[in-house]
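Reconstruct the complex from the two isolated chains, following the hints.
If you read the sequences in order, they're chains A and B.
Throughout, my numbering is defined as the position within the first sequence, counted from one, plus 2.
Throughout, my numbering is defined as the position within the second sequence, counted from one, plus 68.
Any given hint might turn out to be false.
Unchecked claim - Derived, one-sided and incomplete: chain A residues facing chain B with beta-carbon distance under 10 Å:
#, residue
1, 162
2, 262
3, 283
As the list claims (entries may be wrong) - Covered stretches of chain A (in silico footprint by chain B; criterion: 3 or more residues with CB under 8 Å from a CB of chain B, positions within the stretch not fixed):
#, segment
4, 150 to 159
5, 173 to 185
In case anyone wonders, no lab produced these hints; they're calculated from the structure.
Backbone N, C-alpha and C fix where the C-beta goes; we use that ideal spot for every residue, glycine too.
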Amino acid sequence: MAESVSARSTGAAPTGRVGSRLTLHQRRVVWAWGFLALPILFYGWIRFYPTLYAFWLSFTDWDLMRPAQFIGLENYQRLFADPVFLKVFGNTFEYLLIGMPISLVLSFVIAYYLDRVRVLHGFIRALYFLPFLTTAAALAWVWRWFYQPVPVGVINGLLSHLHIPAQPFLRTPAQALPAITVTGIWAGLGFQIIIFMAGLRAIPATYYEAARIDGLGEWAILRKITLPLLRPTTIFLVVFSSIGFLRIFDSVFNMTHNDPGGPLNSTKPLVLLIYQTAFSSYDMGYAAAQTVVLFVILLVISLLQLFLLRDR
Amino acid sequence: MRFSVKIAALAAGISLLAASAAQAVEIQYWQYVYDTRVKAMDELIKNFEAANPDITVKQTTFPYDDYQTKVIAAHAAGNGPDVLQFYYGWLDKFQQGGVLQALDPAVFPNAEIEKDFFPIVSAISRDGKYYGLPTAVRSLALFYNKNILKDAGITEPPKTLDELVADAKKTVKTDGAGNITSEGITLDFAGQDHQWWREVLVRQFGGVPYDDKGNVAYNSDAGVKALTWYTDLATKEKVGAVGFMDEGQAAFKGGLAAFTIDGTFRLGSFRPITDFEWGVTELPANADGVRGNFASYFANGLSADTSGDKKAAAEKFLQYVTSPEAMQIWLKTVGELPARRAAALTDANLNDPIYAPFLKGLDYAHTTTFVDEAAQRQGAIDMVNRVVLNGESPADSLAEAAKAEQAIIDKAKK
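Pulled out of the complex, with its shape left as it was, chain B reads as follows (with noise of 0.2 Å):
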């Protein structure tokens, strides 16, 4: 079954780079500025076009800030790109202005990208069809500062979240009047702090962060606790402040931080470090072995605007990107892990020390459908703002957090 429909594929791909050889096409390619991302795509592009001569990818790129601005607004005038690049949470928005168009089964066919890809591919499906296909996944870990955890005479990372305190107690340093100077944890919830509170604690202290219907359900027992115990970081264990150096990753990129909490993507940024060593684990479970993490991506889709021999090249494009060649070259230039299951699972990255501490969460990791990204994030940072700027008690807070972010998706349903 399988096989024919490859045979399909591979006929209708054959078929189609015979109408389409008789004549040149152009198509328009966007993502945001990302240098490492723009220097992949620059190597994929001049692959590609090797391998397809009567192809030309025009590569456009905008700042992270106005880019779906920009997107919306080509395609509402009708200038859009061919194939874009956008966030997995931005697709509802992009879905229903008719910004996308669903992948053709044919060409993509579903069980082959449920088989090959990560399970989490489903957040950019919707009632049975696909809207696009990431070339890269991101998910989190837990970096730390070897140099500082062997001063403080920790012989190996945290396992557990309540080893965790305890490593990130013995590690924060303060001057006497009290202030930290340098922190146990980053706690920085407008980085990746959030994300590991809505899908790793809050599962991890019993409770779900969404219900199935993606209503918001961490206003339980559950979510309180995962609540209370980050902000204890905060307000009783002391072992981090918020807005310490501005942001955690610039804490620990600094040598001012034991631990961070980020993802993937930030490796490019802390691989040039030379004052200090440092090293990445899983994050850490809860007391009875509970893990947890959280996926994102970028996936690759077709604009609703292209079509024709256009469509054709773009698909073709499209499936070049989401290649295991791709895949690998991506991981070597960006550092973000491969979407396809055989391309990420290789004996090599498995081995990596860096590379295997995401792999692993990648298998436990659960994505949010977010509607509107910036305010359900804002929402969270005010949640824990309240509790550690202004003394609210974690509950309080928690409702109110809660509330705020039904309200959004609720609108959003409308």
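The following block holds chain A by itself, in its conformation from the complex (with noise of 0.2 Å):
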């Protein structure tokens, strides 16, 4: 494409007035850059600066009252030796582990079923998307009334008119984390579902009606044509949601106010830690030094999906 507008516009340039000596080429390239210019000087600015400025506080002991000071790996050193740096680093792989592959199985049986049903197709599906629209903060004190404990909770309160023995959930440090991953699924999950039906919808109905002729049963269209034809949708789905999983924060921080990420850590991701680490601490460094782990955990794992879900 551009090749071709150079090609053509070499013979038009000579002919005129101010800026003449470029090309039109050249004029075009200084006009897209001087509109690129303001959103990249922006980004620039608000994003890329301190980035890299994370990088260079996660090698000093700043902690907003004092000018920084260069302590070198100091901050990596104790990461790797706090206990609960490694038992939090542990918690945001549990959340994406079991979130993840759970949420994303869940969305697709969900996605594939109602893509058949006709009957208030719109109505289920707005029920599925509705959790999506509602703000995360106000979902997690709902679930949180639901985990109670029996005057109030209302799954404790089923389980004990069912003679099931009352649930600890948020309250012990076995169930806490898998309690709220189940939120957190539920959340994300009408929007995984939407994204599921529109790939499903995307797939030529040619195909479906030549596999049927040729006697291919339910289970092996699925395998043959659906789950191949899906995977630029999937390859999304996982990426975003692991990213999801991996930076979970305010579902886990309202879910447990009162002892944030607790009890005893045991639900304590690592966005909650540089959290608290950098604003109720201010040890601004050592929350610099989180940040860039957790960002380099974002980054390989994203590179990594995108290199296993690849096209071949």
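Spelled out as structure tokens, the structure:
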């Protein structure tokens, strides 16, 4: 495209007024960069500069109060010797490893069958999508109420009705993290269903017709046609939901508000630890080091997924 | 001597007044958002401006969670307030960071502060200099639900820890499966219980929470006994459950707890209760009659960035908001006790069935010198959770908590 434009423009260039020494192609480039300059400067200033600054901060002992002093790799050494950080590091991956596959399988199954439902299709789809539109904090508080012990908790009320022992849910290190992950899965489900359905609709019906004429069963159609053709959708959702679970914060913070990330750090994700290190202990340098680690994790996982799910 | 100081202060005040009358001054006042506090401060500002027409005070508020960050960031950017409210436990951080300036002893003489205010103001003095003054102070007391006590046949609230446990056992209710449906006593370490444990229970069991140098000292037999006594309420006596109704105050407010330990600041939210009658009594004594209490406060201080006319105006404003008149307005609107003895210990307050237990508590109250309040509180919460949720022994859990808190203190001293 660019080549054809320049090919045509070279002949027309030396005909004119101000700036005529530039070819049309060059002028277009100048114009394009002129328009792009503003967003680039803006982005560079509010995104990349702070990001790079965070890298620098991670090598200092800045505490907001005193000027930052360079301390080399001390923050990183402290990080990998800190049992809380290691626990939180594990939690972060636990959110990812429980949340991402379950939410993906669940949303695909729902989308797959919802795609065939004709009665009240729009209404059901809206119901699934509704949680996605709700503020995460509000969702978290409602779920926190669901998980309460008996006199107020809805789930435990139901359990005791069925003569099943009450569960502590958010009050025990063993159940708290899965309980919060459920909320995260539920909240993101609507979005993933919509994307999967769009992906399913994009597969040409002729493929299915041809397969049926050839006598393929439903399972074979799913495996040979639907799943392979959904690949781009799946890649997008895997990356999107992984990043979402790795960055989980608001549901944890709100559901464990009195003891953020507790009990006993069992639900604390990396982002919450960074928040606490930075904004309640004001240990900015250390928080920056934690942020750099999160950045590296996100980067590696995104690249890895793109590599594994690439088109061969 | 004191008289001459007062005269000098008055003279200084008049000369400042004369100097600043020439031009209007606007000063900034910052505090965190809490409905009644903002309302009380609005009233104080109105009164102050009426008496000082040449000074205007602009109140700015921030959500509590952001407040410290805002103060620190504004100081770094050089556009902080002139007068600001701060929790006494933040002083070390604010002082080291140069956010606050020491009060001028010519305007706020130390001897008068020490004579007029409750002794806990010493927590905001460093090297003989005061960095602020409180309007109000807060202490703890035992709240009880009169209806639940009456139903259990208890005629008067408990006076000792043993009586408290006995009464809690009589009032706790459970369903068939053994789940607590109404607590004897709320167990909420994230609320005020960690203060109760640290400054009251540890001392009542014969220890001290911190030594003279501010290092952790509760890792002792007394500390183990205090923690065991507290965690037994959940694990052995089963008179309460950690996390019941989410927060202790919510359980009490909902009429599902016979006892809760909370502070003066809770009065405003308990007053609207209409479903049951409640009362307040002093925190229970130990078997030897030893009592304790934890007192805390928000102080008003002068920003290090204020100077000249603004500083003079800020000093006058600070004098007004810590005057007996302001304290009465604060008590009426917010419910917190006056920080001056004379304003607090009036006959009316001492005969008030609700204020009296809190006021008595101030006489024997201690304050904790926090270096990182949130982190130290978190350590205390984890200490109880390890015992209650993970079944760790109180001695082990206490040792771990002591080590972790000492590390926080050491780091702050560096």
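Cross-check of the supplied hints:
1. A cut of 10 Å between beta carbons decides the hint on residue 162/A: the least distance to chain B is about 6 Å, and the hint holds.
2. Look at residue 262/A: its Cβ gets to within about 8 Å of chain B, closer than 10 Å, so that hint holds up.
3. A cut of 10 Å between beta carbons decides the hint on residue 283/A: the least distance to chain B is about 6 Å, and the hint holds.
4. Coverage of a stretch by a chain is defined here by at least three residues with a beta carbon nearer than 8 Å to that chain's beta carbons; for the segment 150 to 159 of chain A and chain B the count is 6, and the condition holds.
5. Coverage of a stretch by a chain is defined here by at least three residues with a beta carbon nearer than 8 Å to that chain's beta carbons; for the segment 173 to 185 of chain A and chain B the count is 3, and the condition holds.
In this structure, none of the earlier numbered hints is contradicted; all agree with it.
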